[in-house]
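Participant: Residue numbers (the UniProt record's numbering), protein chains in the order written: chain A, 1 to 433; chain B, 1 to 433.
There could be a bad hint or two in this list.
Put simply, identical chains are the same to the list, so a pair is met inside one copy or across any two.
Stated by the list, open to error - In silico BS3-like cross-links for lysine-lysine, where the CA-CA straight-line distance does not exceed 25 Å:
no., residue 1, residue 2
1, LYS15, LYS150
2, LYS23, LYS287
3, LYS23, LYS227
4, LYS342, LYS110
5, LYS15, LYS227
None of these hints come from the bench; they were simulated from the model.
Number of protein chains: 2
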Amino acid sequence: MPQFLDATAPDFETKFAALLGAKREDSPDVDVVVADIIADVRARGDAAVLELTSKFDRLDLTANGMAFSAEEIDRAIAQVSADDRAALELAAERIRAYHERQMPADDSWKDEAGATLGWRWSPVSAAGLYVPGGLATYPSSVLMNAIPAKVAGVPRLAITVPTPDGQINPLVLLAARIAGVDEVYRIGGAQAIAALAYGTESIAPVDKITGPGNAFVAAAKRRVFGKVGIDMIAGPSEILVIADKDNNPDWIALDLLSQAEHDESAQSILITDNAEFGRAVADAVEKRLETLQRRAIAGPSWRDFGAVITVADLDQAAALSNRIAPEHLELCVADPEMYSQKTVHAGAIFLGQYTPEAIGDYVGGPNHVLPTARSARFSSGLSVMDFLKRTTLSQMTPAALRAIGPAAEALAISESLEAHGLSVRARLDALND
Amino acid sequence: MPQFLDATAPDFETKFAALLGAKREDSPDVDVVVADIIADVRARGDAAVLELTSKFDRLDLTANGMAFSAEEIDRAIAQVSADDRAALELAAERIRAYHERQMPADDSWKDEAGATLGWRWSPVSAAGLYVPGGLATYPSSVLMNAIPAKVAGVPRLAITVPTPDGQINPLVLLAARIAGVDEVYRIGGAQAIAALAYGTESIAPVDKITGPGNAFVAAAKRRVFGKVGIDMIAGPSEILVIADKDNNPDWIALDLLSQAEHDESAQSILITDNAEFGRAVADAVEKRLETLQRRAIAGPSWRDFGAVITVADLDQAAALSNRIAPEHLELCVADPEMYSQKTVHAGAIFLGQYTPEAIGDYVGGPNHVLPTARSARFSSGLSVMDFLKRTTLSQMTPAALRAIGPAAEALAISESLEAHGLSVRARLDALND
């Protein structure tokens with residue numbers, strides 16, 4: 001059973017603070033190992049990557065064999081069923097359509113002083129996407145990372161995916177093909193991140209690395225940050241469901257479990273204005289846990305980090321939601337649109353009872369890479385913006401420089417930056433001659 | 001004298017690679033000290049901050065006295081000259097106008113399946129801006145950080161600025177007032193970053209911290225990242241000037257020196273298609289260095305990290321510029337607009353000979369907080385986006401769920417995430433009954 005909290009009880013603040021502060025993840029400290037691996041790959045390139053792949057993935061490759069050939073990809077994806085292919089293609093199409101709308105516009109204008117100002121967006125030249133191997137290989141994540149990069153116009157997109165004992169999920173290769181990925185390497189771990197960041201004889205370096213991974217991958221991404229850009233370091237998944245009593249308790253139970261089944265550290269919280277409904281959902285969770293395939297994961301997650309919070313009214317629910325700043329927020333209430341205006345800190349909001357969060361994981365269109373651990377207070381999910389950067393543009397005319405140059409000179413002098421002031425003054429003097 | 005490189009010489013690649021790879025900054029390793037300070041502030045709050053302020057800034061404060069009162073700010077800014085005030089106000093107005101155009105739009109639409117999709121931008125609830133004290137106190141940086149936050153709609157904006165021995169630059173307080181800053185604290189160092197990130201009895205925590213600082217501040221920002229959002233960790237300033245022979249060598253020399261005077265680790269590079277012009281600029285730099293106030297800083301910067309590169313033509317200059325990915329790029333050429341299309345990796349571009357980079361530091365309008373150390377390949381200058389986050393929205397109708405739900409279920413099953421699939425299936429079954 002999860003925690004039951006009553007938001008109108010006197011001890012609620014203490015309990016809620018404990019819930020928010022609960023340390024859910026105990027990452028092993030692998031930083032020293034990772035630093036060595038990165039140094040090794042920088043020093044020895046392919047040779048180091050090949051040795052580490054042999055050691056960790058029990059796979060002996062040659063430098064030429066690190067990349068999947070087009071024929072190898074063809075053969076693998078021929079095994080995918082027509083239904084799975086159709087599902088992936090539908091997902092890709094919807095994700096692409098959503099992300100195409102995100103493309104920001106360039107701008108340029110002449111202001112009152114006569115200066116031409118503006119900005120221009122341009123894609124990174126090359127991006128690398130890390131795809132975990134083994135159990136947690138999610139073809140949907142390939143789509144969610146690769147499609148925004150390609151929509152942004154990234155000309156070169158490389159994937160690394162470890163293939164322990166040579167095993168690869170054909171759906172991952174199909175997702176890469178559908179998304180337009182240019183290169184796929186059968187390497188993983190910190191050595192893959194190092195190869196993407198610094199390059200080797202066989203793998204050209206990239207400018208941006210995204211994608212989920214284990215503690216080694218996360219530590220490696222932190223270490224190469226600065227040399228390349230990275231996306232967020234994602235923590236365990238979370239869902240907050242705000243539901244009134246006019247919901248099917250079993251549906252809500254399944255939504256809570258669809259986060260809990262990801263990871264024992266995942267967190268699922270229900271907030272409701274009806275205590276009886278909350279109890280009914282908790283009962284439904286227990287019932288589903290009896291048979292759920294991943295009950296060994298979902299059970300501990302729900303027991304250790306799950307919570308059912310009863311509130312006086314839905315406005316209180318919205319206020320608590322803003323303090324939780326959940327990765328995923330379901331609004332299963334009569335007027336979800338109105339409450340979505342009040343819940344301003346959330347990675348993704350799913351409105352109404354026909355929008356289970358799982359739709360957003362696959363086919364909704366918005367990205368499923370979202371801020372965790374309350375970081376929705378200050379950050380956003382993955383988007384085309386992660387693969388673009390903005391260059392600001394300015395051009396003065398002589399008249400514009402005469403109009404605003406003296407103020408720049410005055411401020412430069414006040415900051416004791418003489419050359420700054422002189423670089424303006426020399427031009428002004430020439431114009432005034 | 002700086003390095004002279006000839007891009008058509010056989011050894012150019014080696015020399016250029018060395019120039020790109022030169023380690024310009026040797027940050028002291030202060031991480032252990034900073035970790036202790038953060039832990040102390042988390043444990044003891046105000047008391048720790050007051051002790052550390054007494055120790056590092058030789059200033060004994062009370063908890064109540066940490067914030068400047070409105071009257072204290074009034075008194076300080078009364079000392080500012082009318083000219084300086086007018087210059088700051090002009091700068092603020094232009095920065096505000098530029099950043100207002102950056103505000104991204106919300107979107108919402110119904111797609112072919114009948115799903116309503118969209119996103120919504122919202123500001124962070126509170127932001128903290130670090131302002132260095134002492135010599136490197138730049139009121140212009142207050143404007144450049146605070147105005148985008150306020151344009152983004154951040155309701156609470158706090159500044160921390162150390163006041164060693166009680167000294168404060170009145171222009172910093174005036175800039176804060178003009179920008180609409182809500183709270184100004186006279187604290188600094190890692191203790192200020194810890195107070196902003198975790199809060200104390202007197203200082204409420206914020207969600208995002210921006211602003212430049214010394215090695216302690218940078219290390220503290222890295223450490224609190226995740227708990228709060230941070231902007232980039234800026235390295236030493238850089239400028240690349242691409243200039244043809246039809247320029248005044250003295251103007252170009254001053255532009256190069258206006259970066260060099262920031263920091264001995266700053267880097268100023270000229271690329272020209274005319275070797276004689278390059279030599280003339282280098283001579284003009286030497287002449288200006290004889291009298292420049294900050295020659296003790298600008299001289300070593302130019303000597304150790306400056307470079308004059310001669311190229312065969314301006315297309316080669318643009319190609320080298322993309323490899324350098326400079327923070328600031330001046331295009332002092334006959335057709336700067338055309339070359340700006342070719343220089344895609346740069347933080348800010350200044351077009352034409354009447355746009356010295358110093359204009360952009362103060363009054364141009366675009367932000368002067370820009371990516372350094374080649375990170376313009378994958379990141380952008382500060383903008384309103386740094387103070388906003390995006391929440392994605394999706395709402396399915398029963399018809400939309402029937403249309404796309406089965407694909408989500410298929411993908412969930414292929415990823416062995418049963419509860420994900422069931423959360424969709426339970427609804428589809430009810431709809432089909």
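Participant: Look at each hint and say if it fits the structure.
Facilitator: How the hints compare with the structure:
{"no.": "1", "hint": "LYS15 - LYS150", "verdict": "neither (45 Å within a copy, 34 Å between copies)"}
{"no.": "2", "hint": "LYS23 - LYS287", "verdict": "neither (27 Å within a copy, 61 Å between copies)"}
{"no.": "3", "hint": "LYS23 - LYS227", "verdict": "between (30 Å within a copy, 13 Å between copies)"}
{"no.": "4", "hint": "LYS342 - LYS110", "verdict": "between (38 Å within a copy, 22 Å between copies)"}
{"no.": "5", "hint": "LYS15 - LYS227", "verdict": "between (42 Å within a copy, 20 Å between copies)"}
When held up to the earlier numbered hints, the structure conflicts with 1 and 2 and fits the remainder.
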